[in-house]
Amino acid sequence: MYVGIDAGASATKAIIINERGMHISHAIVPSGINFKFSSQKALRKALKDAHLNSGNILHSVATGYGRALIDAESTSSEITCISRGVHKLLPSARTIIDVGGQDSKAIRINEGGRVLNFIMNDKCAAGTGKFLEVMASTLRMPIEELGKLHLKASNPVKISSTCTVFAESEVISHISQGIKIEDVIAGLQDAIAERIYNMCSRIGFAKDFAFTGGVAKSQGFVEALSKKVGAIPLIPEEPQIICALGAALAAIKKHKEK
Amino acid sequence: MKIPNSISDLWKAPAILLSQYKRSDLPVLGYTCNNIPEELIIAAGLQPFRISNVGANQSALTPSFTCPFASATLENMLKLEEFFSGFAIAHTCDPMWRLYDILKKKISKPLFLLRPPHNTDNELSLSFLRLEFNRFKEFLDKNFEARIDDDSLSKSIKLCNETRDLLKGIYLLNEGVNCKISGFDRFQLVLAGMWMRKAELNSLLKALVVNNEKACDGVRVHVNGTVIYDLNLIKAIGESGGFVASDDLCTGSRYFWNNVEDSQDHFSALAHRYLKKPLCPAQDPLHRRLGFIDDMVEKFQIQGVVTFAEKFCDPIFFDSVHIRNNLAKKGIPSLFVDYENPTQEIGRIRTRLEAFIESVGGGS
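Protein chains in written order, with our numbering: chain A, 1 to 258; chain B, 1 to 364.
Please keep in mind that the hints were generated in silico from the structure rather than gathered at the bench.
Positions of the beta carbon are idealized from the N, C-alpha and C atoms, including for glycine.
Heads up, some of the hints might be wrong.
Not the full set, but computed from the structure, chain B residues with beta-carbon under 7 Å of chain A [to be verified]:
#1 351
#2 354
#3 355
#4 358
#5 359
Every beta carbon over 12 Å from chain A, so not counted as near; a handful from chain B, in silico [claimed, not checked]:
#6 64
#7 115
#8 297
Please build the complete structure, drawing on both the sequences and the hints.
Set out below in structure tokens:
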């Protein structure tokens, strides 16, 4: 068995695959402040679900921001892992948008899944899952609710600020003016979609485009992004574990090279 | 190749040398940019010492939109003033020029502003720079009781040429697909050239033993961009699977790439050398900068180019678009990495570098 661990800023994901790259099990746990601990927790959970133990692991690869801090035989960057994971599940995709807890990325790949170009927003919370987390907290609701309420919006407001902190005051101002909460939420997600779209435009869109990362689970955000791009993204069944899957696929390759 | 102990890790705390110079009563002239001719400083009996941003935070005296490098350099000049007999600043980019205005009010030491021409490909610029160097000589003579003459200048030119030759010789060990010295070690040697006494450095460089073992491996990278004193950036490329085979940085090849020609008219020869050396992004013409990168890419068999751009360094931000497009036409991939504080941001910088090097090297 082969293991991929994605130690992300918000969540740590572990996946176990077999030698043909088929999914056996996976686990997602909050990263907290100790990547080593969270990665061990995620791996233990994935092994337990698959009725395996650590002795069954032939090779493991770590990726994500905490990759250097966890126990794995080798490491690989998120960009390469996401590309590899997407290429495995969605081989027609040539552009990938990944929106995670701490950053967002756009990647262009070729027909072999090789990275041609990439761009990252990793310095500003606006345009990341963190932005949505902050807004959900401001609106006193679980983050999952944002996506659902977005779909009920009839007249989304325009959120003009691209800074998380200023956008938060803008949201409070809209709410205090009596604007419906679903219209504020839709406005927020539209603002992030626009920011991400602008970032992607710098490396160019190629059809088809895949959408991965934890934020791809938000239905409302997917709608906002589809509207902005003018196409419906390809989304894997579990978009949050694609980077870990890419790492596990790298583990197969590394093991063969041994 | 083993780097001498006196050079190894000097980049982390170059000010150590300033204390030594003070103890031995060696007057030091601090300068900010390699458009300042060290030859004249040495001929005046002073030790040239290029002031970096190492160990300093951004100065509260500069506006928030100033490039962090210029701001931290100012902070170091103020913090380390007691070790210097005077300072020279070159107006290459505007923030550096503006440091002069601040320093005029803040320090008591002699201060000189050199204005190297931004347009470098005409005779007028050559004449102008020659006059600027004469003005610099007068400043040195007047403030440090020096008497720079043909003899002292001829000796200092020879000394600096020797340093440049030695550094270039080491640099060229990595020509083609060779890898005899790591990028990190090579940068350590070049930076030492801006801080150590030239004669001492030259002896150390001559004594370096080159063996035939491959010193490094990986994707061959050319580095471009803002001035880099923080060698963690160069190290990060090595740790990400790359090998910095060449560069066009002012703390790299631009410092030593060409020499002052032998001439009866030293000032013309100096002006020619400083105007014709590989250009800073704040200087024209663009095609010369692009041409130099093209040459390096060919000479050192480069597979990818990394541009490091410090926030608010306008010349390199504008330049990077031309560089990227020019390289793309030739099928050379490039990566643009912007940052504000490389030490604090090294994690995210490394992610970009790893992804780039993996993609260039066919890692996926």
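Comparing the hints with the structure gives:
The criterion of a C-beta within 7 Å of any C-beta in chain A is met by residue 351 of chain B, whose closest approach is roughly 6 Å, and the hint holds. Because the smallest distance between the Cβ of residue 354 of chain B and any Cβ of chain A comes to about 4 Å, under 7 Å, the interface hint for this residue holds. Checking residue 355 of chain B against chain A: minimum C-beta separation of about 3 Å stays under 7 Å; hint holds. Given the 7 Å rule on beta carbons, the hint for residue 358 of chain B holds: about 5 Å separates it from the nearest Cβ of chain A.
With its C-beta approaching chain A no nearer than about 4 Å, residue 359 of chain B sits inside the 7 Å limit, and its interface hint holds. A cut-off of 12 Å between C-beta atoms confirms that residue 64 of chain B is not in contact with chain A; the least separation is 15 Å. The Cβ of residue 115 of chain B sits about 35 Å from the closest Cβ of chain A, beyond the 12 Å cut-off, so the non-interface label holds. The non-interface label for residue 297 of chain B is consistent with chain A: the shortest C-beta to C-beta separation is roughly 19 Å, beyond 12 Å.
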